[in-house]
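Using the sequences and the accompanying hints, generate a full structural model.
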Amino acid sequence: MPDFILFAQHGWADTNKKISQLAHSLATPETLVIAPDLGWVNTWLRIEPLIAKVEKIAADAIAAHPHIPIRIIGHSMGGLIWLEILDRHREWWTRVHSLVLVGSPVGGSDLGRTFDPLGWGIGIARDLGKNRRNMATAIAASIPTLSIAGDSDSGSDGTVPIFATQFDRANSICIPNLKHADMKNHPAIAAAIHNFWERPAIAPVARYLDLTTQIVRTLQAIPGITDTHPRGFAAAKIFMTYPDGSTIRIGKNYLQVDRVYVGDPEGNCSYSGYVGWIDSACLWDTFDKLNQFRSTRELED
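Mapping the sequence shown onto the numbering used here, position 19 (from 1) lands on 19, and the numbers just tick up by one.
Do not take every clue at face value.
Simulated pairs of lysine-lysine, DSBU-like, Cα-Cα distance not exceeding 30 Å [claimed, not checked]: (1) K18 <-> K179; (2) K17 <-> K179; (3) K237 <-> K130; (4) K17 <-> K53; (5) K17 <-> K130; (6) K130 <-> K289; (7) K130 <-> K179; (8) K237 <-> K252; (9) K56 <-> K130; (10) K179 <-> K53; (11) K289 <-> K252; (12) K252 <-> K130; (13) K237 <-> K289; (14) K130 <-> K53; (15) K56 <-> K17; (16) K53 <-> K18; (17) K130 <-> K18; (18) K56 <-> K18; (19) K252 <-> K179.
Simulated from the structure, these hints should not be mistaken for lab results.
If you want it as structure tokens, here you go:
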């Protein structure tokens with residue numbers, strides 16, 4: 001009888017080789033490891049058939065072992081696939097011991113948005129660019145969740161921005177000097193997962209949100225905003241300054257797309273995102289709203 005069912009899912013432009021090795025390195029001899037191979041080519045097309053395949057495999061395994069707890073690890077798009085599956089199967093939530101997302105662009109992939117800025121459905125780009133932050137937050141409020149980011153260039157793992165991996169109720173950590181491809185099977189990733197498994201917990205709701213965090217959340221609620229790398233923060237023009245020293249800065253990228261940065265009172269970049277041309281008006285409407293919040297008290301109200 002297995003002690004756990006461990007689902008391990010690879011991501012975009014990949015096979016199951018590396019993530020399967022990671023899963024087996026973490027599993028006990030009694031653990032049932034399931035690491036579906038979705039096919040390298042298939043990961044470039046649409047996410048829905050991939051979700052359906054993993055969902056069917058998972059449903060069969062869960063039905064065959066109705067009393068065995070479940071552990072889930074998803075790398076990159078593999079984590080997004082499992083968010084979609086769990087959103088569709090809330091009846092499984094009480095069975096899930098933990099969910100671990102490794103380099104998953106929960107807030108939407110800026111790379112996907114770059115290839116498909118209007119959401120027309122160019123290959124897998126539209127699916128990767130989808131913002132699943134609300135979905136992930138709802139899941140993490142019931143299932144102990146760990147979201148692991150890598151930082152190879154002071155803001156991302158070279159593919160996924162750190163900001164895109166973060167969401168409420170998840171335990172978020174960032175491992176320095178780690179690139180996206182290396183996160184499939186790396187000793188630092190294995191150690192982080194093992195430590196979380198020893199004491200899985202749901203991150204508490206913050207009793208107080210500082211001003212910087214409130215500004216970030218207001219901006220993240222803008223339709224079409226995409227979390228991105230903080231490069232350009234220092235050179236961006238300060239657009240708004242708050243009494244505590246928090247700032248909103250603006251700039252444009254090489255395509256003249258609006259970029260917005262949030263600086264904390266110490267002058268560090270707390271958020272970076274961009275809004276495409278079709279959603280630009282929403283960004284400036286939000287600036288008008290934030291401009292009225294000239295004190296912490298007003299913003300909290």
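Cross-check of the supplied hints:
Simply put, K18 and K179 have alpha-carbon atoms about 14 Å apart, close enough for the 30 Å limit, and the pair holds. A distance of roughly 17 Å separates the Cα atoms of K17 and K179; the hinted pair therefore holds under the 30 Å criterion. Straight-line distance between C-alpha atoms of K237 and K130 comes to about 29 Å, which keeps the hinted pair within the 30 Å bound. Between K17 and K53 the CA atoms are separated by roughly 18 Å; this keeps the pair inside 30 Å, and the hint holds.
A hinted pair counts as satisfied when its Cα atoms are at most 30 Å apart, and K17 with K130 qualifies at roughly 26 Å. At most 30 Å may separate the alpha-carbon atoms for a hinted pair to count; K130 and K289 meet this at roughly 25 Å. For the hint pairing K130 with K179, the CA-to-CA distance comes to about 22 Å; that is within 30 Å, so the pair holds. Restraint check for K237 and K252: the C-alpha separation of about 10 Å stays at or below 30 Å, so the hint holds.
Taking the CA atoms of K56 and K130, the gap is near 23 Å; set against the 30 Å cutoff, the hint holds. With a C-alpha separation of about 28 Å, the suggested pair K179 and K53 falls inside the 30 Å cut-off, and the hint holds. As the CA atoms of K289 and K252 are separated by approximately 21 Å, the hinted pair is consistent with the 30 Å bound. Between K252 and K130, the direct Cα distance comes to roughly 22 Å. Compliance with the 30 Å bound is thereby established for this hinted pair.
About 19 Å separates the Cα atoms of K237 and K289, which keeps this hinted pair within 30 Å; it holds. About 20 Å separates the Cα atoms of K130 and K53, which keeps this hinted pair within 30 Å; it holds. The hinted pair formed by K56 and K17 meets the criterion: a straight-line CA distance of about 20 Å does not exceed 30 Å. Annotation: proposed proximity of K53 to K18 holds, straight-line Cα distance about 19 Å (limit 30 Å).
Among the hinted pairs, K130 with K18 is consistent with the structure: their alpha-carbon atoms are about 25 Å apart, no more than 30 Å. For the suggested pair K56 and K18, the alpha carbons sit about 22 Å apart, so the restraint of at most 30 Å is met. Restraint check for K252 and K179: satisfied, since their Cα atoms lie roughly 26 Å apart, inside the 30 Å limit.
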